[in-house]
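Chains A and B, in that order, are what the protein sequence lines are.
If you use my numbering, the first sequence corresponds to residues 2 to 219, in order.
If you use my numbering, the second sequence corresponds to residues 2 to 219, in order.
Check each hint, because a few of them may be wrong.
[Stated by the list, open to error] Straight-line alpha carbon distances no greater than 20 Å define the calculated SDA-like cross-link-like pairs of lysine to any residue that follow:
(1) 188/B - 136/A
(2) 31/A - 146/B
(3) 216/A - 162/A
(4) 146/B - 201/B
By construction, these hints were calculated from the structure, which means they are not laboratory data.
Chain residues, written in single-letter form:
2 protein chains.
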Amino acid sequence: MSSTPPTVEASPQGRKPVISRDDIIAAALKLLGPNRGISTLSLREVAREAGIAPNSIYRHFRDLDELAVALIDLAGDSLRQIIVEARQRATAEHGVVQGCADAFMERLRADDRLLNILLREGKVGSTAFKDAVERQLNFFEEELKLDLMYLATVKNTGLYDPGLTAKAITRLVFTMGGTALDIPKDKHDELSKQIVQMVRMIIAGTQALAAFKTKSGL
Amino acid sequence: MSSTPPTVEASPQGRKPVISRDDIIAAALKLLGPNRGISTLSLREVAREAGIAPNSIYRHFRDLDELAVALIDLAGDSLRQIIVEARQRATAEHGVVQGCADAFMERLRADDRLLNILLREGKVGSTAFKDAVERQLNFFEEELKLDLMYLATVKNTGLYDPGLTAKAITRLVFTMGGTALDIPKDKHDELSKQIVQMVRMIIAGTQALAAFKTKSGL
Numbered sequence: 002m003s004s005t006p007p008t009v010e011a012s013p014q015g016r017k018p019v020i021s022r023d024d025i026i027a028a029a030l031k032l033l034g035p036n037r038g039i040s041t042l043s044l045r046e047v048a049r050e051a052g053i054a055p056n057s058i059y060r061h062f063r064d065l066d067e068l069a070v071a072l073i074d075l076a077g078d079s080l081r082q083i084i085v086e087a088r089q090r091a092t093a094e095h096g097v098v099q100g101c102a103d104a105f106m107e108r109l110r111a112d113d114r115l116l117n118i119l120l121r122e123g124k125v126g127s128t129a130f131k132d133a134v135e136r137q138l139n140f141f142e143e144e145l146k147l148d149l150m151y152l153a154t155v156k157n158t159g160l161y162d163p164g165l166t167a168k169a170i171t172r173l174v175f176t177m178g179g180t181a182l183d184i185p186k187d188k189h190d191e192l193s194k195q196i197v198q199m200v201r202m203i204i205a206g207t208q209a210l211a212a213f214k215t216k217s218g219l
Numbered sequence: 002m003s004s005t006p007p008t009v010e011a012s013p014q015g016r017k018p019v020i021s022r023d024d025i026i027a028a029a030l031k032l033l034g035p036n037r038g039i040s041t042l043s044l045r046e047v048a049r050e051a052g053i054a055p056n057s058i059y060r061h062f063r064d065l066d067e068l069a070v071a072l073i074d075l076a077g078d079s080l081r082q083i084i085v086e087a088r089q090r091a092t093a094e095h096g097v098v099q100g101c102a103d104a105f106m107e108r109l110r111a112d113d114r115l116l117n118i119l120l121r122e123g124k125v126g127s128t129a130f131k132d133a134v135e136r137q138l139n140f141f142e143e144e145l146k147l148d149l150m151y152l153a154t155v156k157n158t159g160l161y162d163p164g165l166t167a168k169a170i171t172r173l174v175f176t177m178g179g180t181a182l183d184i185p186k187d188k189h190d191e192l193s194k195q196i197v198q199m200v201r202m203i204i205a206g207t208q209a210l211a212a213f214k215t216k217s218g219l
């Protein structure tokens with residue numbers, strides 16, 4: 002990986018003269034999949050897939066790391082869309098869990114490659130890359146925390162450590178969702194039900210612990 | 002990656018004449034780390050690290066995939082050791098959670114590379130590799146399920162879907178544990194506390210859902 006962008010671009014025949022950042026991202030997404038992670042890509046290979054000269058790619062991305070971080074940020078935006086949809090679908094606590102799970106599984110079924118990247122990657126890679134994944138997870142945890150606090154107030158239920166509850170739900174849903182691509186599509190309904198039940202379990206748990214804390218005066 | 006093992010081995014000077022399977026695994030472990038996953042290794046590179054001719058490695062591993070599966074299986078054995086320790090440390094439900102978390106974090110702190118592999122890898126790679134990870138996770142879920150059922154009987158508490166409860170705990174602990182190498186060591190106690198609280202939340206949740214199920218006659 003070179004960090005020095007070249008100043009002169011070769012334009013051999015058969016290669017597109019102009020290529021956008023989106024084209025490069027689309028090419029990277031084509032190469033990625035359940036058996037292929039970002040850390041195994043090379044910018045050279047992405048350039049080949051995009052049909053451009055290897056050097057042209059440096060105009061948009063300094064190195065593979067910068068491309069990887071861009072993919073994670075895009076994936077986060079994509080998932081936030083899902084959350085917006087889920088919020089629109091439901092307002093009650095029960096409905097929010099089911100609504101989120103439905104929207105989430107729908108996207109997974111649609112083979113949303115960006116979403117898959119966010120769900121699968123993140124434990125291995127450069128520090129910048131892992132920081133980007135962690136940042137996205139923290140966004141979701143913060144939003145979910147606010148939702149949980151709002152719902153606990155509206156429904157007058159307890160909530161034991163809202164931040165930790167949001168973190169437990171987010172991390173569990175992400176790790177369970179990450180297995181979706183590895184199972185046959187006819188098992189997706191079962192996975193969706195498992196995820197919903199797990200989230201309900203955590204919500205019931207945070208309410209029970211909060212009630213216990215109140216009763217015992219802790 | 003070649004799947005055809007060579008029949009004649011070169012023995013250049015300075016290379017070890019005899020190398021064991023364990024030596025190769027040790028070499029692979031040296032190369033792996035928080036910024037380097039199994040899927041980015043090559044057998045050639047592992048051979049170089051082990052100080053043997055690239056072709057010699059095929060006597061032990063047909064391809065990178067076979068080496069990766071061997072690493073996962075070893076990592077599973079290593080983690081089962083932790084569970085045995087944790088069981089010895091505690092017998093009551095409260096104690097088991099804390100005991101498991103203590104043993105787990107102790108191993109993480111000791112920079113147990115095998116354990117780290119199991120916690121970090123698994124969402125990307127060949128089908129054989131992901132199956133190996135899934136198999137190990139299922140072992141833990143089965144053992145934990147039996148523990149949970151035993152404790153629920155002894156303590157006369159409810160348990161809503163023991164298999165799902167065990168799965169939620171296992172997946173959450175694995176994903177949280179996988180972040181341990183990325184945070185400074187002085188934050189490990191905090192992470193350990195978070196993991197314990199999350200597991201307690203799930204246990205309180207499964208008991209609450211079971212009580213609800215009994216009350217509502219479902």
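| said: For each hint given before, does the structure comply? Return the numbers of the non-compliant ones in rising order. | reply: 2
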